[in-house]
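2 protein chains.
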Amino acid sequence: MKILIVNDDGINSKGIMALAKRLQMEHEIYVVAPLTEQSAVGHAITMKIPLRIFKIEREGSFFGYAVDGTPADCIKIGIRNILKITPDIVISGINNGSNAAINVIYSGTVSGAREAAIMNIPSIAVSVASHDVKDFSFAAEIANKFAYLVKENGLPNGTLLNINIPDLPKQKIKGIKVTRQSMSRWDDVYEKRVDPYGKDYYWLTGSMIEHPNENDSFDYFANLNGYISVTPIHFDLTDYSTFEKYQNFEF
Amino acid sequence: MKILIVNDDGINSKGIMALAKRLQMEHEIYVVAPLTEQSAVGHAITMKIPLRIFKIEREGSFFGYAVDGTPADCIKIGIRNILKITPDIVISGINNGSNAAINVIYSGTVSGAREAAIMNIPSIAVSVASHDVKDFSFAAEIANKFAYLVKENGLPNGTLLNINIPDLPKQKIKGIKVTRQSMSRWDDVYEKRVDPYGKDYYWLTGSMIEHPNENDSFDYFANLNGYISVTPIHFDLTDYSTFEKYQNFEF
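Chain order of the listed sequences is A and B. Take the first sequence: its letters are residues 1 to 251, numbered as in my numbering. Take the second sequence: its letters are residues 1 to 251, numbered as in my numbering.
In case anyone wonders, no lab produced these hints; they're calculated from the structure. These figures come from a predicted structure and were not determined experimentally. All C-beta atoms in this analysis are idealised placements derived from N, C-alpha and C, irrespective of residue type, glycine included. Hints are not guaranteed to be accurate.
Claimed, not checked - Simulated crosslink set (DSSO-like; lysine-lysine; CA at most 27 Å straight-line):
hint	chain 1	residue 1	chain 2	residue 2
1	A	LYS84	A	LYS2
2	A	LYS199	B	LYS48
3	A	LYS55	B	LYS192
What the hints assert, rightly or not - Counterexamples of contact, computed for chain A against chain B with all Cβ distances above 10 Å:
hint	residue
4	LYS2
5	LYS14
6	GLU28
7	GLU57
8	ASP88
9	ASN213
As the list claims (entries may be wrong) - Covered stretches of chain B (in silico footprint by chain A; criterion: 3 or more residues with CB under 8 Å from a CB of chain A, positions within the stretch not fixed):
hint	stretch
10	50 to 64
11	106 to 114
12	148 to 159
13	168 to 180
14	189 to 196
15	223 to 235
Same shape as in the complex, but just chain A (with noise of 0.2 Å):
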């Protein structure tokens, strides 16, 4: 398969090198990634400043392409205007720290593969539910893995596949469950702190609140208990039963 990388910890880390690896074993690989950290950068866009573009060299051979912009310039800017061709399927990752529950919408990972599934390319995120990964290559087999199980079963148009992996040993995997997106959310707490100057700034930082009523059918559940999640989403944000009541209203 023509597969393009992407990611949002930026093309120097260690997760895409991971999937970049293991995945030019069996595809023909394209890698169009951020030149910088992009963590929790949403599905935010670049249109007020111009975009540049990086060639990128690793152990002396040609790796990809950087962007200094978000995971979503770099499918928009990589399928346009630097591959010039349509890959199979687009894999965003792997990245450091969980993208369930309400992470979906804080991410940059997922918004990566989203910007693919808008543009009707199937689509695939992969994050390792761990802010320290050590070991990406479990993480890197499961993403080949789901590469084919994608391409030959297929997705929607405007579908894409978010997959969380806990940070654990293989065996110690309990298997993988098809979640839905758990509503937990962050408590944010900012740490408040003054500088060298006598100013203040604030840090976020925060814990989960775990949602009441969830079991392992819910992504966030599902890697605490030890199970791979799998979460098909899509960009329709509407909420239908609410327009369904606001349609009788009298404006």
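Following the hints, complete the assembly by docking chain B onto the known chain A.
What follows is chain B alone, placed relative to chain A:
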């Protein structure tokens, strides 16, 4: 009502001024908005660098707080650290530019309102579908009208109203339609230029590819046809039909 106002065009934009002026005639308003323009920033949040908060005056008196981050940051830090109260409603806007169809995904305006919805606070995003809006006063009236409508009728937790208003004289607007998100999307074109030092750079431009088989029950087409569109949106991105289909697979 206690209304928190945010936007993505920044605290110095005309749209937020018009909104604040209109709402303060009837409500207790709080303004927490980005220090600089954050258009197309999506649902980005700031985690890897700290935030700063600035008090902003207008015409010699206190107007609100500026945050050197994104619309979503403004809601998070605004409610948790600046206001320390929960507003009755959050209104994001008034945006200079359409946030219908695929722009919902890229929009900072929508993500400001959505961050409030994530916190279970009723919220509304308001945009005028033109990039050169001369007069926001009618849009400000619509925002005020919907603040009352949401108060009376409620919104489910996690749902917000995304309102787009054609940039037409009030008497030419045909009415209000409750709509779905159009699947129309951008045909991206990157315009290549050469800087004074001989290096290439790329500006994103493009035109809308109108989705076939849609009518004015979809936000983008409602606006084109002279209607105000009101689309209830939520942040459960699960594609339930693919979820059902993939449940049957053996992994």
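Hints and how they fare:
1. A distance of roughly 12 Å separates the Cα atoms of A:LYS84 and A:LYS2; the hinted pair therefore holds under the 27 Å criterion.
2. Our distance criterion of 27 Å between C-alpha atoms is met by A:LYS199 and B:LYS48, whose separation comes to about 19 Å.
3. The hinted pair formed by A:LYS55 and B:LYS192 meets the criterion: a straight-line CA distance of about 17 Å does not exceed 27 Å.
4. Listed as outside the interface, A:LYS2 is consistent with that label: its C-beta sits roughly 20 Å from the nearest C-beta of chain B, beyond the 10 Å cut-off.
5. With a least beta-carbon separation of about 17 Å from chain B, A:LYS14 lies farther than 10 Å from that chain, consistent with its non-interface assignment.
6. Separation of A:GLU28 from chain B is adequate, the least Cβ-Cβ distance of about 23 Å exceeding the 10 Å criterion.
7. Listed as a non-interface residue, A:GLU57 keeps its Cβ farther than 10 Å from every Cβ of chain B; the least gap is roughly 18 Å.
8. Consistency note on A:ASP88: stated as away from chain B, and its beta-carbon is indeed over 10 Å from all of that chain's, at 19 Å minimum.
9. At roughly 13 Å, the least C-beta separation between A:ASN213 and chain B is larger than 10 Å, which holds for a residue marked as non-interface.
10. With 4 residues bearing a CB less than 8 Å from a CB of chain A, the stretch 50 to 64 of chain B meets the requirement of three and the coverage assertion stands.
11. Interface restraint, the stretch 106 to 114 of chain B with chain A: holds (3 residues with C-beta to C-beta distance below 8 Å; minimum three).
12. Only residues whose C-beta sits within less than 8 Å of a C-beta in chain A count toward coverage, and the stretch 148 to 159 of chain B has 6 of them, enough to reach three; the restraint holds.
13. Check result for the stretch 168 to 180 of chain B against chain A: holds, 5 residues qualifying (beta carbon to beta carbon below 8 Å, three or more required).
14. Residues of the stretch 189 to 196 of chain B with a Cβ under 8 Å from some Cβ of chain A number 4, which satisfies the need for three, so the listed coverage holds.
15. Only when three residues or more bring their CB closer than 8 Å to a CB of chain A does the claim for the stretch 223 to 235 of chain B stand; here the count is 6, and the claim holds.
Consistency note: the structure conflicts with none of the earlier hints.
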